[in-house]
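Residue numbers (the numbering used here), protein chains in the order written: chain A, 1 to 234; chain B, 1 to 660; chain C, 1 to 499.
Certain hints may be false.
[Stated by the list, open to error] Ranges of calculated distance between the beta carbons of each label pair, as one might list FRET restraints:
1. C:Phe-80 / B:Gln-413: 43 to 49 Å
2. B:Gly-108 / A:Leu-40: 56 to 62 Å
3. B:Glu-608 / A:Tyr-152: 16 to 22 Å
4. A:Ala-124 / B:Asn-377: 34 to 40 Å
5. C:Arg-457 / B:Ser-530: 39 to 45 Å
6. C:Arg-457 / B:Ser-121: 55 to 61 Å
The hints are simulated quantities; they were obtained by calculation from the structure and are not laboratory data.
Cβ coordinates follow ideal geometry from the N, Cα and C atoms, glycine included.
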Amino acid sequence: MLTTAPRLRIRRPSPTTAEYTVTTLPPQTLPLRLLWLLLLFLRIFLSLITLLVIYARWVQERSSFGAAPTLFSPSSLPPLLSLDRIIFLLDTFQDTPGGKLLARIAASIKLPVLVPVAAAVFYALSLRVHKEESLLVLRGLGVQTSESPTTYLASAATRFIPTEKIQDIFVNEAFRGFEVRYYLVVVVEGEEDVVVVFPGLLPKRKIVETVWRGVRECLYEGRGEDSRVVANEK
Amino acid sequence: MHPFSTVTLGIFVAGYITARWDLVTRLYELVLFAAEYGVVLRVARGLVVLTVIFITIFVPVALLARRETRLAHNVEFHLKSGTFFRSGPHSPNRIYDLCGHSSMHVLGVANVSSQTEVDPSWVCAKTSASSQYPRIACAKASSVQLILYDRPHPKGMQYISLNPIALALGDKGSFPDDVTSGEDDSEEAKHAAANKENRRKLVEKLKQHSIIKRIPSARDKALPKIVNQVNWSWELEQVLQQNVGRLGPRPKRGLSVSERVVESATTMRNYVLVQLWTLLSVYLFPIVQQAFILVLFFHRVLAEILLIILEFRAKPGYAALKDISATAQQIEIRLQQFCYWPMQYVTLRQRKANWASVTTSHPDYIRFYNSLWLVANDVIIGMAVGSYIIEHKEWVADQIRDLLRVYTVEALQSGISWLMGWPAGLKLNGELAAFLGDLFLWVIDYWSSCIEALSPALPHIIWFVGFSSFAGASMPIAMFSDLLSVLTMHIYSFYLASARIYHWQLTILRSLFHLFRGKKHNVLRNRIDSCDYDLDQLLVGTILFTLLFFLLPTVMVFYLNFAIARMIIISMKAGFDTLLSCLNHFPLFALMLRLKDPSRLPGGIRFELRDTHDYKLSDANDKLFNEPPTSIIYLKSTVQHVACEEGDDVGDVAGGQYGN
Amino acid sequence: MGRKTYNIAMVSDFFFPQPGGVESHIYQLSSKLIDRGHKVIIITHNYDDRKGVRYLNNGLKVYHVPFLVIYRAATFPTVFSFFPILRNICIREQIEIVHGHGSLSSLCHEAILHARTMGLRTVFTDHSLFGFADAASILTNKLLKFILSDVDHSICVSHTCKENTVLRASLDPLMVSVIPNAVVGENFRPRDYPTQSEKGEGFRAESSPRLLGPHDVITIVVISRLFYNKGTDLLTAAIPRILENHPNTRFIIAGSGPKAIDLEQMIETNVLQDRVEMLGSIRHEDVRDVMTRGHIYLHPSLTEAFGTVIVEAASCGLYVVCTQVGGIPEVLPSHMTTFAKPEEDDIVAATGKAITAMRAGKIRTDKFHDEVKKMYSWSNVAMRTERVYDGICGTISEEEFYGFDTTGYTGSRIRDFALIDRLKRYYGCGIWAGKLFCLCVVVDYLFFLLLEWWFPRENIDICRDWPRKSPAEDTAEDSMKAAPNQRSTSSIRVAKLDR
């Protein structure tokens with residue numbers, strides 16, 4: 001429900017520049033937005049709980065080592081927006097029933113289990129729901145592929161190929177898992193490996209063909225030499 | 001005007017006045033009223049103020065605007081003749097080479113009110129407070145790509161580049177080819193070479209599939225130059241800002257008295273300074289310089305001699321000192337660094353003589369300072385380690401002695417006795433096991449007595465190791481590594497002996513197995529031939545085969561025992577080596593740069609297409625500025641991902657090129 | 001009216017770049033079928049780094065499916081692992097008929113099983129002969145029985161092969177057709193044979209046969225893969241004796257295999273380096289050049305269903321000495337061949353006879369080429385295969401296709417796709433095997449349903465067809481040159497996606 005089959009979005013502000021984005025993000029509707037919001041809250045809530053569990057465990061470990069916990073008297077609240085205030089809030093939370101429950105959970109899990117599990121939970125919570133891959137074509141400069149990262153923490157991986165280095169762009173077929181898929185490929189001069197466009201999503205033939213035509217038009221059309229371009233890879 | 005018509009007009013006016021006399025009187029009254037209440041004066045004042053404002057503000061602006069276009073032509077002229085660079089820090093020729101033009105040109109004008117005098121090929125830019133991006137129009141262009149970028153700051157050594165910055169030394173790529181052509185023709189290397197060849201052929205084949213070979217246009221080839229221009233832009237702006245006064249005619253003005261006073265005072269001070277400087281530079285500086293060069297020279301000579309000793313091979317193919325000992329290798333690395341630094345420093349000095357935007361030497365800079373940092377770090381850590389070792393040398397020596405006794409003598413002895421008595425229920429050949437075990441035990445006994453004899457000297461050795469660590473923490477590590485190999489010499493020799501026996505046995509078994517199958521190994525052709533054996537040959541071979549086959553487990557168990565011991569020692573040495581290479585080659589400086597200023601480590605460029613929705617809406621009512629379809633693109637530099645990698649080259653920062 | 005055209009998938013483990021009879025059969029047949037307006041794709045497994053999708057001459061599309069190879073280019077027999085890919089290919093290429101080749105190819109067997117499950121028509125071509133006695137043969141025969149009990153029609157390359165297949169798989173003989181292999185005559189011209197253009201110029205004098213003097217060297221050519229079943233051991237034993245008996249003879253041996261070392265050793269022990277030349281493995285387009293260097297072709301094979309290579313040899317103008325096994329006696333008329341029993345002595349004797357006959361000038365080898373050309377043509381093979389397709393798809397009626405049955409069998413020979421009918425057919429395969437086969441088929445069917453749910457049909461791209469040729473009329477004699485050379489495989493290189 002949160003994702004769709006890969007669909008194509010074209011942005012083309014001028015004839016010489018075009019961006020083809022293949023995304024699994026469905027069109028934004030109100031229910032979907034609400035769902036997103038819900039998901040966001042759920043993520044924040046879960047990560048908070050994980051953090052609190054780790055904190056509870058840390059407090060336990062510290063006290064077992066004999067370090068005296070810093071105690072604040074309720075009369076002298078530390079100033080707002082300071083580290084002490086946060087610690088104070090955390091400590092007061094520890095005394096609530098919820099905090100005690102979390103402390104019991106934290107105490108019952110072994111440390112070698114707790115730390116990797118917490119790390120895995122954080123990783124899982126930072127995973128992106130949808131994928132997005134794009135191809136930016138700039139006449140005279142080159143093409144740039146980009147891939148959305150798997151988590152929200154990393155930035156998009158891009159690869160820019162200057163026009164000079166582009167030997168060819170074509171559509172090809174290959175085995176992928178139990179399927180034969182069409183894919184768009186850029187052959188880079190002087191490199192052993194070809195660059196696959198939309199490598200993660202591998203959209204359907206129609207999209208790939210649209211992008212292929214668009215890229216060739218955007219890169220080369222109107223330069224005079226392409227009047228005899230045939231659909232050579234078909 | 002014809003007199004007749006004048007008369008006619010006069011008659012008409014007179015007639016009209018007489019006919020409307022009341023209107024005339026009203027007007028007269030109005031004038032009288034106005035004169036009484038000062039209306040005229042106020043109107044006149046207003047007019048005067050308006051005129052003054054018009055003359056002082058609008059006329060100059062209009063004039064300026066008209067001159068602006070002429071100004072552009074003027075700028076073009078000055079650019080061509082290079083006026084702006086006369087007082088520039090460096091000659092512009094070098095940078096022109098990089099940027100691919102012989103001089104600078106005017107591309108267009110910004111914020112002009114009228115387009116009448118603008119050359120059609122020029123670009124008109126218009127900025128407005130409401131929009132983030134300037135608007136571009138050009139009479140000749142059908143569409144516009146507007147690429148915005150943040151100017152990299154060349155004084156801070158920021159720059160953008162098409163390829164990721166190469167922090168490893170460049171000759172690494174060709175290195176494996178030379179090695180494989182030599183004696184190291186292992187199966188693996190051959191396989192890799194064949195794979196490589198296959199891939200190359202595939203790439204060649206792929207070329208044949210391109211139906212149209214597109215010759216890149218001049219514009220396509222210009223990208224590296226554009227990148228250089230972007231890199232230069234900050235410095236260029238500085239130069240132009242400094243020299244903008246040279247534009248147009250300048251009135252010559254005499255200096256005022258106070259300025260004259262200041263000027264003469266400055267001249268006086270400058271004179272004194274210059275005199276002092278010449279004194280220094282003529283008498284003192286050459287002496288210091290000579291002395292310094294001499295010191296450097298002797299240092300270099302010494303280092304070279306040491307290097308020759310370290311790399312001396314009795315015969316080609318024999319091991320040199322540096323191959324055997326980790327300490328020698330460490331000394332060699334340091335010596336090579338010392339020899340290399342002055343040259344590197346001189347090269348880096350030359351960087352100052354050019355525009356800061358010339359980015360070719362930036363990797364060298366990073367490499368140089370990285371090796372300096374590493375050595376400094378090494379020495380600091382070494383001092384701490386060294387003082388600790390020297391203070392606790394007795395304790396350390398005791399520890400080492402205990403370790404040696406427990407692990408290299410007693411553990412080995414108990415292991416061998418275990419093997420002699422049918423280990424883990426494995427029924428070995430008792431006689432052979434007893435023979436081998438007794439042999440090894442006897443050698444261990446002898447060795448342990450040797451170690452005992454040596455043990456009083458151990459604290460002194462430890463003290464020496466500790467002392468050496470003032471030359472860097474890598475020294476004691478290398479020495480401990482060497483110490484380990486010397487003190488476990490007996491394990492190495494056991495390993496060699498057992499491996500040799502085991503190998504013999506395997507070889508014999510293999511050839512006897514061929515005899516079994518009626519085949520033989522043809523040495524000349526290196527293949528397996530079939531062969532007819534006599535009956536007695538077959539009989540003896542079979543008996544021998546059975547015999548050796550049943551003895552194999554016993555030999556194998558001993559071999560495995562020593563091989564495992566050897567493996568443990570090798571892995572310990574590998575641990576030391578890893579520590580050493582961390583100390584010698586860790587890309588500390590590059591990592592720090594990555595934190596401090598990522599744009600000093602460019603990993604290529606990337607573009608971002610900006611949304612143009614609001615932009616399109618805002619200019620819908622602006623008819624004057626009919627602009628072509630425009631795409632706004634933002635140019636950014638991607639960041640190099642620094643990865644640690646062990647390298648053998650001296651003073652190089654091993655930074656993998658894993659940039660995207 | 002237009003003849004009906006089909007989308008056909010040829011499935012076999014054996015295809016180029018590996019040389020061999022089955023391989024060239026598939027290629028030539030596909031090529032000619034494309035000429036006749038059909039769409040043909042070939043599905044095979046990967047060869048070294050050759051995996052992915054390639055195009056050959058004439059728009060022939062080849063899928064090299066990445067698979068595990070075990071022995072002599074045959075893939076590991078996994079019953080169901082091939083199904084997902086096969087289904088994907090069949091849907092995207094809109095396949096109607098699956099045509100499997102080679103009874104040793106597990107890929108082919110799997111494809112036929114799955115194609116039946118998917119409701120496609122299937123044809124099987126058998127290229128080899130098998131015994132009935134040893135364990136391996138029994139297993140293969142059982143497997144063959146399993147597969148062929150539900151196949152729509154089978155094709156064999158020779159009558160011997162047909163008998164063998166019918167016996168092994170207990171088939172209805174009427175459901176097995178015999179369509180022989182053929183050779184491309186243009187590719188196997190004798191030395192000094194005029195090309196077509198020269199021939200058209202006018203009358204050419206009938207050349208007299210080349211007479212060999214008593215001291216002229218007679219060259220004997222052997223081109224075969226050096227495996228046990230190709231009779232390499234016989235060859236190893238016979239060569240020294242032949243060379244001893246006939247002084248002015250020499251051997252050229254092309255091909256490679258595990259028995260090559262034995263041959264080499266024989267050469268070295270008998271010091272025959274100057275009289276026996278070993279060329280190693282040669283490319284298929286070089287076969288003619290090697291053959292024309294000789295006078296006699298020796299074929300010592302122990303089992304052979306058809307033996308395309310002896311037709312090629314005869315077409316090159318070589319006198320053929322071969323063992324009398326399998327389908328070989330059907331292949332060539334008796335004046336082109338000397339037969340021998342598959343024994344060392346007999347081969348030596350037969351070769352001696354052939355050498356004597358050659359020296360005597362009794363054999364008009366120069367006429368062989370034209371005769372062979374008249375006998376074998378791929379267009380004819382394609383036409384006959386097409387009739388099989390017509391028959392199983394119902395384009396021509398059952399009576400017309402199968403003719404009158406003399407045995408009194410009245411049931412229909414059209415194999416319908418109902419699961420229960422298929423199970424009935426499989427159940428009859430044996431007491432235990434029948435049940436096992438039924439289990440396999442049921443699992444296969446369930447697997448099919450799972451796949452339909454997991455990879456829905458509508459999510460699979462339908463791929464574009466290569467522009468089809470207008471179907472040629474049956475009488476049209478097409479003289480297409482379609483050399484199966486390696487260079488033609490320079491198709492679009494498919495980079496591996498899963499890096």
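So, against the hints stated earlier in the document, which numbers end up violated here?
Structure breaks hints 1, 2, 5.
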